[in-house]
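A.B. asks: Spelled out, the chains give:
2 protein chains.
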Amino acid sequence: MKIIVVNKNINPNIKKLLISKKNEIFSADEYVNGIVNGNRNMLSKAITLLESNLNDDLKKADQIIKMCLPFSGKSRRIGITGVPGVGKSTFIDYFGLKLIENNHKIAVLAIDPSSSLSGGSILGDKTRMESISGKIEAFVRPSPTSGTLGGVASKTRETIVLCEAAGFDTIIIETVGVGQSEIAVSSMVDLFLMLFVAGTGDELQGIKRGIMEMTDILVFTKNDGANIDRTKVAKIQFETALKFFSTKESNWLPKVCCVSAFEKSGFNELNVIIEQYFNHITKNGFIVQNRKNQSLQWLNDQIIDNLKKDFYQNETIKKSITKITQQIVNQQISPIYAAKELIKKYLQQTRDFNK
Amino acid sequence: MKIIVVNKNINPNIKKLLISKKNEIFSADEYVNGIVNGNRNMLSKAITLLESNLNDDLKKADQIIKMCLPFSGKSRRIGITGVPGVGKSTFIDYFGLKLIENNHKIAVLAIDPSSSLSGGSILGDKTRMESISGKIEAFVRPSPTSGTLGGVASKTRETIVLCEAAGFDTIIIETVGVGQSEIAVSSMVDLFLMLFVAGTGDELQGIKRGIMEMTDILVFTKNDGANIDRTKVAKIQFETALKFFSTKESNWLPKVCCVSAFEKSGFNELNVIIEQYFNHITKNGFIVQNRKNQSLQWLNDQIIDNLKKDFYQNETIKKSITKITQQIVNQQISPIYAAKELIKKYLQQTRDFNK
Numbered sequence: 215m216k217i218i219v220v221n222k223n224i225n226p227n228i229k230k231l232l233i234s235k236k237n238e239i240f241s242a243d244e245y246v247n248g249i250v251n252g253n254r255n256m257l258s259k260a261i262t263l264l265e266s267n268l269n270d271d272l273k274k275a276d277q278i279i280k281m282c283l284p285f286s287g288k289s290r291r292i293g294i295t296g297v298p299g300v301g302k303s304t305f306i307d308y309f310g311l312k313l314i315e316n317n318h319k320i321a322v323l324a325i326d327p328s329s330s331l332s333g334g335s336i337l338g339d340k341t342r343m344e345s346i347s348g349k350i351e352a353f354v355r356p357s358p359t360s361g362t363l364g365g366v367a368s369k370t371r372e373t374i375v376l377c378e379a380a381g382f383d384t385i386i387i388e389t390v391g392v393g394q395s396e397i398a399v400s401s402m403v404d405l406f407l408m409l410f411v412a413g414t415g416d417e418l419q420g421i422k423r424g425i426m427e428m429t430d431i432l433v434f435t436k437n438d439g440a441n442i443d444r445t446k447v448a449k450i451q452f453e454t455a456l457k458f459f460s461t462k463e464s465n466w467l468p469k470v471c472c473v474s475a476f477e478k479s480g481f482n483e484l485n486v487i488i489e490q491y492f493n494h495i496t497k498n499g500f501i502v503q504n505r506k507n508q509s510l511q512w513l514n515d516q517i518i519d520n521l522k523k524d525f526y527q528n529e530t531i532k533k534s535i536t537k538i539t540q541q542i543v544n545q546q547i548s549p550i551y552a553a554k555e556l557i558k559k560y561l562q563q564t565r566d567f568n569k
Numbered sequence: 215m216k217i218i219v220v221n222k223n224i225n226p227n228i229k230k231l232l233i234s235k236k237n238e239i240f241s242a243d244e245y246v247n248g249i250v251n252g253n254r255n256m257l258s259k260a261i262t263l264l265e266s267n268l269n270d271d272l273k274k275a276d277q278i279i280k281m282c283l284p285f286s287g288k289s290r291r292i293g294i295t296g297v298p299g300v301g302k303s304t305f306i307d308y309f310g311l312k313l314i315e316n317n318h319k320i321a322v323l324a325i326d327p328s329s330s331l332s333g334g335s336i337l338g339d340k341t342r343m344e345s346i347s348g349k350i351e352a353f354v355r356p357s358p359t360s361g362t363l364g365g366v367a368s369k370t371r372e373t374i375v376l377c378e379a380a381g382f383d384t385i386i387i388e389t390v391g392v393g394q395s396e397i398a399v400s401s402m403v404d405l406f407l408m409l410f411v412a413g414t415g416d417e418l419q420g421i422k423r424g425i426m427e428m429t430d431i432l433v434f435t436k437n438d439g440a441n442i443d444r445t446k447v448a449k450i451q452f453e454t455a456l457k458f459f460s461t462k463e464s465n466w467l468p469k470v471c472c473v474s475a476f477e478k479s480g481f482n483e484l485n486v487i488i489e490q491y492f493n494h495i496t497k498n499g500f501i502v503q504n505r506k507n508q509s510l511q512w513l514n515d516q517i518i519d520n521l522k523k524d525f526y527q528n529e530t531i532k533k534s535i536t537k538i539t540q541q542i543v544n545q546q547i548s549p550i551y552a553a554k555e556l557i558k559k560y561l562q563q564t565r566d567f568n569k
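The listed protein sequences correspond, in order, to chains A and B. With the first sequence counted from 1, adding 214 to any position gets you my numbering. With the second sequence counted from 1, adding 214 to any position gets you my numbering.
None of these hints come from the bench; they were simulated from the model. Hints may be right or wrong, so weigh each one.
If several chains are the same, the list does not tell them apart, and a pair holds so long as it fits within one copy or across any two.
As the list claims (entries may be wrong) - Below, a list of computed lysine-lysine pairs in the DSSO-like style, where the Cα atoms sit at most 27 Å apart:
| hint | residue 1 | residue 2 |
| --- | --- | --- |
| 1 | K312 | K449 |
| 2 | K506 | K554 |
| 3 | K522 | K559 |
| 4 | K259 | K449 |
| 5 | K532 | K558 |
Turn these sequences into a full structure, and let the hints steer you where they fit.
C.D. replies: Encoded structure:
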């Protein structure tokens, strides 16, 4: 296939094509052409494709990703986390605005496994990131909320590829809470920021070593008014605590930074630290090595996804599982034993297949 | 095998056996005999076995679980969550003490996926749950911290079986943060408590609908001093918000309760609500149906674990994976495509095996 790359100015033929096919089905080539020419509409539609449950959509999405891969990988990928109430959206809104002022194009994606039951927060989502969400240099998109964390993470990785191919040079992955989703996010970013608000008293107890150890820059938010003194104390406590952590693979000593989105303070300092960080990991080769490891992690996640699919679509399994399920429900066999029996059957069946 | 059940008073023969074999390797039968006779030491050792990475240990653990299963299932399983700083440990300590006063035997297990990198919180663990951890009626045990959330959850399910077989009638599963681990915990408990502290202002935004919808009782902690007024307001807000949620499968309308571990207030009210809850789900059969569904979830998790193990131990895969890994690292192929190729090979290989 031929990909027509027209930087900045969109090719009039494609433009015509896009307008004329507004309600039609696009080919993978058309999607890719649109994306690499920075067409946000096509980018959005392609992400929707990969979130689809239809096999045809997913096949097309696979093709699109494959074609976009050579155009990807050139962005800075930044993970941002913090417990609810820390002010993530407000922070990202102003942080993003500063990046745009410095001529960056940013994509903000959100991983939120906690909403996998029914999606979305109670309030919040509508008024989030007001300053950047209207800008042409920003693309804000929540991640798919259905499915397991593994599935969500996989889709996010693919979304990163598409956004990078569309020319966004800074990808921000936002995640909620302190838990497993951080580990998923850290498996797809170059830099991991943790937001924290000082003054709740027992914060040190709450911060788990695991999360702290994946943090590159600890950002105290809401550093204004009565909070300034508390932040100062907390900053010292954290800087002391950081010394007890083992050296990071990146050989980077985590830094602490205090900001206030309300007073618009601290963001220049933060940007200086971020530049220092990227210089550091570029110089020592960590950024390249880390991305290689992340690709292998992605491979592993894909393998599990595919294995699962093949197992549950297997005819023998489909037939046996009803009976075994019944036995488990009647407490005749344990789930551990039942799983072993099913796997044995599955492997035997695939082995007998070509006899 | 023969299991000698000696309620309350331990059989002198077993006692002798346990003392004499202090530093020796026990058989599965000996473990089970110890556990069902309430021997805490044997219970601890058995849990350590199932957290082991050695194949022999795991095989023995499997046998132990299988033999303990008929003795399990008779406890109340309670999940407790809340973001860091909400006072989970203090709450559980006093809540547990009240249960013990009412002649219950409690086991407290903690699921903490965030510590999977290097385990444990910075401070905290040593001074946690001072009142109950010395008591014979309480068994406090952190969950295995290594491995994926799926692995940790699986081990926790097995630990529940052992604790129940050992005679603990209330199992408390504690988890940190607001995220994926809550979903794992809710897949193994009868009752789900969420702790919350009023007064951070933007709490409604932070609470994800998914987590709220799995909550049966919302507990406001630290309901003392200046917090009392804030709790009152928050309670009303939450009771209003709860009305917007869809009906739960258990047909239980979530309740809100305010406690203070400092002032030792609110715990009697909480116990009344908990009794109401268990009466409700026993009467309408939800407790039985829910546990059936949980067993099937457990089956599914076990299947995935086993599939993964068989795949990566396959000789053909072991040989191909190095080359494919290299190609991914060199950006010659994408992880998505590579995974598909490997799966194809794996299934083909198992199919050709018996030709």
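A.B. asks: Are the hints correct? Go through all of them and say.
C.D. replies: Hint check results:
Within a single copy, K312 and K449 get their C-alpha atoms as close as 24 Å, which meets the 27 Å cut-off; across copies the closest is 38 Å, which misses it. In the homo-oligomer, the alpha carbons of K506 and K554 lie at most 27 Å apart only across protomers (19 Å), although the nearest pairing inside one protomer, at 34 Å, exceeds that limit. In this assembly of identical chains, K522 and K559 lie within 27 Å of each other by CA distance both inside one copy and across copies; the values are 15 Å within and 16 Å between. When the C-alpha separation of K259 and K449 is checked against a cutoff of 27 Å, the pair qualifies neither within a copy, at 44 Å, nor between copies, at 42 Å.
Taking the shortest alpha-carbon separations for K532 and K558, both the intra-copy value of 14 Å and the inter-copy value of 20 Å come in at or below 27 Å.
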